[in-house]
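**Q** Heads up: the sequence lines are chains A and B, in that order.
Count the first sequence with the working numbering and you get residues 1 to 323, in order.
Count the second sequence with the working numbering and you get residues 1 to 381, in order.
Misleading hints may appear alongside valid ones.
A few chain B positions that, by computed beta-carbon distances, are all more than 12 Å from chain A [stated by the list, open to error]: (1) L94; (2) G130; (3) V346; (4) V377.
Listed next, the stretches of chain A that the computed footprint assigns to chain B, with coverage defined by at least 3 CB atoms under 8 Å from CB atoms of chain B [said to hold, decoys possible]: (5) 165-175; (6) 188-202; (7) 254-266.
Okay, derived cross-link-like pairs now, DSSO-like style, lysine-lysine, Cα gap no bigger than 27 Å in a straight line [said to hold, decoys possible]: (8) B:K252 <-> A:K131; (9) B:K153 <-> A:K117; (10) B:K237 <-> B:K252.
To be clear, the hints were calculated from the coordinates, so they are not data collected in a lab.
The beta carbon of each residue, even a glycine, is placed where N, CA and C say it ideally should be.
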Amino acid sequence: MKKIYIAWALLLIHLCIHPVLAESPLKTVSFLPQWIPQAQFAGYMVALEKGFYRDRGLNLQLICGGPSKSPFECLSAGEATFCTNWLSDGIEGRAWGKKIVNLAQIIQRSGLLLVAKKSSGIIQPNDLNGKKVALWEGHFSIPPRVFFSQFNLRVKVIPNYTSIAILLKDGVDACSVMWYNEYHTILNSGLNPDELSVFFLSSFGLNFPEDGIYCLEKTWSADPDLCEQFVQASLQGWLYAFDHQDEALDIVLRHAEAAHTGTNRAHQRWMLARMKDLSIPEGDKGTLGKLQRKDFVAVGNILKEFSLIRDLPDFDDFYRGHK
Amino acid sequence: MRWMPLRGIALKMTVLVLGATSIIFGIIISYSYYYSRNIILDEAQQHALNLTLSVARKIEQEFRSAAKIAQNLARFLSNAQWDEKTLNAVLKALVAENKEIYGSTVAFEPDAFRKGIRYYAPYFYKTKEGIKYDQLGSESYNYFQKDWYHIPKVLEAPVWSDPYFDEGGGNIAMTTYSFPLFENGVEVPERALRAIITVDVSLEWLADLVSSVSVGQTGFCFIISDTGTFVTYPDPKLVMRESIFSLAEELKNPKLRETGRAMLRQKSAFVDMGSSLTGEEAFLAFARIESPGWSLAAVFPKQELLAEITRLYRTNVLLALTGLGLLLLASLVVAGSITRPLRRMVKATEQVAHGDLDLDMSFVRSRDEVGRLADHVHVGA
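Throw the hints in and build the complete structure from the sequences for me.
**A** Below, the structure is given as structure tokens:
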């Protein structure tokens, strides 16, 4: 008799821990990463593969991202429940009335940098004066432009649309790249790190943390627990990916292969390692996914300076994740 | 007592002769091995460099002739009177008549074709159903932002694109040559861009050509682009996906990375790769294909290259060992024939020592030093 009571008690405890599992069938949600399948999104792919979403009652449909899909538009159109996007895009969107909320800030330190061949005579920021610099358009170009004005540089900005060929073929003297992506492509095009000058914009007070998780405010209001389960499963996926890199790379490469992105393992390995550096910059796993108020304010103020927004949205309205 | 003689003079002589001969054999065989190995390697190096240079030149000619087509089109558009119809006819003929040219366009700057027209880029390309026509420019395909348009525009110079797979056209590997056409003729300073002329060159012939080059029995050729990307390789999984540098990173092999850098910076060279590329010891020769700035390499496995010389070396060692065996026998026989009478004499002198003075030394018949010694012993007794 006693044994049966204990069994019942255990079962009850179990049901309390996994209420979703016990009660209802899986809830179907969809997720759009803001770019093509690569290790930048390893955490989500791993969480899906390892069943972390299912364990939390979610049936996740992973949408293949790319240049043709705008994350916030896909949210508004109901094509995706969740998406990732840059913090600056999120703040700007919210400031102009898009009812979106940030659920978690994955990247804490900006991976945006300016890179130049030393052979073009660029060693210090001042050497960029009078040089041709290729910048991606949109929010990518804000930190570099602030950087130029900080150093009083007159720079000839050339728009860059896709690849780094423009730098490799010496069409420009410097170029904006992401540390976890194009910088490594440059290295694996045969240039050695000691042949390159690199300016991390985050080390010049221009930390624009990139990827965060977003959803519509109404999604959050209707089912905060759903959002919480999605975020927790995703963070669990990230931590698993950081600790099991080879397994994570197998998963990432399968997704990349299916999307014909033409990448390779060495590149994805680099990207995953850098994602770890940028997502837990102090090495403290407890900070993973938390948006810092100071980062929010810093980015918001620069957007204001550039007249991209009039007023900074309220932090607590904007950010609904763990503080 | 029976083995006494072998431990005596006979043994000493045999050991001495065999030892000296082995050393001499060893020196001769090693010297001839290294000498002929060097001759073979020198020859292989020459052959490898000639091979890669000649294949690279052949490939370059193909690229140059494709580039010529775009340049001629530029000259025509600058100098001749033409209208929309003529342009289309010329482009269509150009694609139809050139086997390697998969597609071609003249993509104009905004308003450069006609005032008020932002995009104008008639594109003719091959399909299974014949030659097709498309207008490339649209809000969803903003060609001003594409590398093939943007980079030659910024550089104000012709550019070969990185190789790519054309997913629309049956997954053919391709590269695009873009030639900027300026307002005031082909090469006039102070110029304003008018259009970018492109020819898409299919790389199928390149893969065929490279795989048809024979590099001995087990060697092979491959090509990397100017960013180190494999354009052709025996393992298709590497093509367009890996660069020689990403491969070096995965294999944790700095030697391979150095070779890749040399391939992009030097005209031609012959390098000992160790086992860094295929896991087997190999030499690599390369030559640059100047026109797109790519590099052609030929890999020569050492095992095959040195197979003959290794066989010769083995035969030599075998012959030497047989020779030494025979020498051992001969040496034992000769030493035995010399020391046998000596042993008898030793016995005879032992008899004398015991008082038996009746000595018969007639068993020593030789007239050499031993014979004379026997005579003296006889007389003495």
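**Q** Compare the structure with each hint and give your call.
**A** Results for each hint:
no., hint, result
1, L94, "25 Å, holds"
2, G130, "27 Å, holds"
3, V346, "81 Å, holds"
4, V377, "88 Å, holds"
5, 165-175, "holds (count 7)"
6, 188-202, "holds (count 4)"
7, 254-266, "holds (count 6)"
8, B:K252 <-> A:K131, "36 Å, violated"
9, B:K153 <-> A:K117, "21 Å, holds"
10, B:K237 <-> B:K252, "19 Å, holds"
Comparing the model with each numbered hint stated earlier shows that hint 8 is the single one that does not hold.
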